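Q: Work out the full structure, taking the sequences as your base and the hints as a guide.
Protein chains in written order, with our numbering: chain A, 1 to 130; chain B, 1001 to 1291.
Possibly wrong hints are sitting among the right ones.
[To be verified] Heads up, simulated DSBU-like pairs for lysine-lysine below, C-alpha to C-alpha not over 30 angstroms straight-line: (1) A/LYS38 <-> A/LYS94; (2) B/LYS1068 <-> A/LYS108; (3) A/LYS100 <-> B/LYS1156; (4) A/LYS73 <-> B/LYS1068; (5) B/LYS1279 <-> B/LYS1008; (6) B/LYS1197 <-> B/LYS1108; (7) B/LYS1144 <-> A/LYS94; (8) B/LYS1168 <-> A/LYS73; (9) B/LYS1022 <-> A/LYS88; (10) B/LYS1077 <-> B/LYS1008; (11) B/LYS1077 <-> B/LYS1168; (12) A/LYS14 <-> B/LYS1156; (13) B/LYS1167 <-> B/LYS1068; (14) A/LYS94 <-> B/LYS1279; (15) A/LYS53 <-> B/LYS1048; (16) B/LYS1048 <-> A/LYS94; (17) B/LYS1048 <-> B/LYS1168; (18) A/LYS100 <-> B/LYS1144; (19) A/LYS94 <-> B/LYS1156.
Since the hints were made in silico from the structure, they are not lab data. None of the values given here were measured: they were computed from a predicted structure.
So you can see what is in the structure, the chains are spelled out below.
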Amino acid sequence: MSEEYFVEIVNPEKSFLSKNDVTEVVVPAFEGEIGILKDHISIISFLKPGIIKIFSKSGEESFYVNDGIIEFKDNNLSILTSLILNLKDIDKEKISEIQKSAEEELHKADINDQERYLLDQKLEVLRSIN
Amino acid sequence: MASLDDLKKRISSVKSTQKITKAMKMVAAAKLRRAQESAEKGRPYSDKMNNIILNLSNGISDIDNAPKLLSGTGEDKVHLCVVMTSDRGLCGGFNTNIIKKAKLYFQKILDEGKTLKIITVGTKGYDQLKRLYGDNIIERISFKESKNVNYFDADKVGKIVIEKFDKKEFDVCAIFYNQFKNVITQIPQEQQIIPLKTSEKEENSSEDNYEFEPEEDEILSNLLPKNISTQIFKAMLENSASEQGSRMSAMDNATRNAGEMVDKLTIEYNRSRQAAITKELIEIISGAESL
Chain A
1 MSEEYFVEIV NPEKSFLSKN DVTEVVVPAF EGEIGILKDH ISIISFLKPG
51 IIKIFSKSGE ESFYVNDGII EFKDNNLSIL TSLILNLKDI DKEKISEIQK
101 SAEEELHKAD INDQERYLLD QKLEVLRSIN
Chain B
1001 MASLDDLKKR ISSVKSTQKI TKAMKMVAAA KLRRAQESAE KGRPYSDKMN
1051 NIILNLSNGI SDIDNAPKLL SGTGEDKVHL CVVMTSDRGL CGGFNTNIIK
1101 KAKLYFQKIL DEGKTLKIIT VGTKGYDQLK RLYGDNIIER ISFKESKNVN
1151 YFDADKVGKI VIEKFDKKEF DVCAIFYNQF KNVITQIPQE QQIIPLKTSE
1201 KEENSSEDNY EFEPEEDEIL SNLLPKNIST QIFKAMLENS ASEQGSRMSA
1251 MDNATRNAGE MVDKLTIEYN RSRQAAITKE LIEIISGAES L
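A: Listed below in structure tokens is the structure:
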């Protein structure tokens, strides 16, 4: 039996990526990373800023996501995200830009703990990329 | 009858108008293709988002504790309408159709004695509404600077709406936009986004047992604001495709009308030229005869 399933990543502008030979996807879920293999139980979860890793027959790919939500059902994984970047051809300037705006946001007084947590996460991940 | 010179001037001015409308039509056609593409590409996202929310709201056990964005405030007093129009004119009935639809709704709200608040997106809508409903407009947004529709603009509108909802400034929110059907037909739409209407609830109520991480309520309360931005984004995409389509057919009509006008004027010009010649000939001949 094959161990592969279908993954689709969509952002508001377009369908970003779809692959049907994926063996494992690791996503930065809100309460920690989840690795999803074939025949995983149906799950809905949302993502914090982090790295999505996709393992497939053709190799490994990594993406940075800002936020998002995943749905896994009947061996179909859908990832919805507003901002996604492929780590292979990443633009340093763009990263710095996001980093900067996140830092600015962090200094605002009126953010709550959850937002602060997410921003901290974001910065940490961005620093590790850069 | 107008003199020959006047006719000549009119013909050349109509011709140059025709050139402009023709060029605008071409530009609209090119833009339409792009707008249509991005509208189509944007569909999977909003469809998927809708699906997930459906599945989630089915899974919610305690409806009373559901997030307010889903269930509403329980009241129906203040209506917020987001009217989405274009920033540019010369696009046929595009803006008028939205405004007409919106005005019907406004009238209904006001007749029922409810409070009406309006947010206009796009300058044309504001221009048309400010006279009658100027006092009701609480915010006007325009994205004249951004060349293409992008998600972050939609997100801005979404955030404004949610902020106002959190401050309890309204109970029900509806958006107005044109749905793109084809180049000739655009259907003005009214869509209620707060509280969310889940019409297809029954058919999708299979026993999907999802694992949620974190809890359903928490996911929902994070997802619903995103969904609002997504719906607005979808509306903006549809709107921009409709705008270009509408402009294209309007400009096509204008070009054709200008062509007809040039034909008519040319005939008139030729006739009066011939008349002048005939008149001169008659004068010469009768002059010669009298000698």
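Q: All hints are to be evaluated individually against the structure, with a verdict given for each.
A: Structure-based check of all given hints:
As the CA atoms of A/LYS38 and A/LYS94 are separated by approximately 34 angstroms, the hinted pair breaks the 30 angstroms bound. Between B/LYS1068 and A/LYS108 the CA atoms are separated by roughly 27 angstroms; this keeps the pair inside 30 angstroms, and the hint holds. Straight-line distance between C-alpha atoms of A/LYS100 and B/LYS1156 comes to about 19 angstroms, which keeps the hinted pair within the 30 angstroms bound. Only pairs whose Cα atoms come within 30 angstroms are accepted, and A/LYS73 paired with B/LYS1068 is accepted, the gap being roughly 27 angstroms.
Simply put, B/LYS1279 and B/LYS1008 have alpha-carbon atoms about 20 angstroms apart, close enough for the 30 angstroms limit, and the pair holds. Using a Cα cut-off of 30 angstroms, the hinted pair B/LYS1197 and B/LYS1108 holds, with the two alpha carbons roughly 20 angstroms apart. Under the criterion of a C-alpha separation no larger than 30 angstroms, the hint pairing B/LYS1144 with A/LYS94 is consistent with the structure, at around 24 angstroms. Pair hint B/LYS1168 plus A/LYS73 does not hold up; C-alpha atoms about 37 angstroms apart against a cutoff of 30 angstroms.
As the CA atoms of B/LYS1022 and A/LYS88 are separated by approximately 45 angstroms, the hinted pair breaks the 30 angstroms bound. As the CA atoms of B/LYS1077 and B/LYS1008 are separated by approximately 62 angstroms, the hinted pair breaks the 30 angstroms bound. Straight-line distance between C-alpha atoms of B/LYS1077 and B/LYS1168 comes to about 11 angstroms, which keeps the hinted pair within the 30 angstroms bound. Simply put, A/LYS14 and B/LYS1156 have alpha-carbon atoms about 19 angstroms apart, close enough for the 30 angstroms limit, and the pair holds.
In summary, the hint linking B/LYS1167 to B/LYS1068 is supported, as the alpha carbons are separated by about 12 angstroms, within the 30 angstroms threshold. Distance restraint check for A/LYS94 and B/LYS1279: the Cα-Cα separation of roughly 78 angstroms exceeds the 30 angstroms cut-off, and the hinted pair is therefore not satisfied. Distance restraint check for A/LYS53 and B/LYS1048: the Cα-Cα separation of roughly 21 angstroms lies within the 30 angstroms cut-off, and the hinted pair is therefore satisfied. Restraint check for B/LYS1048 and A/LYS94: the C-alpha separation of about 28 angstroms stays at or below 30 angstroms, so the hint holds.
At most 30 angstroms may separate the alpha-carbon atoms for a hinted pair to count; B/LYS1048 and B/LYS1168 meet this at roughly 29 angstroms. Between A/LYS100 and B/LYS1144 the CA atoms are separated by roughly 26 angstroms; this keeps the pair inside 30 angstroms, and the hint holds. Simply put, A/LYS94 and B/LYS1156 have alpha-carbon atoms about 20 angstroms apart, close enough for the 30 angstroms limit, and the pair holds.
Figure legend: structure checked against the earlier numbered hints; hints not met, in rising order: 1, 8, 9, 10, 14.
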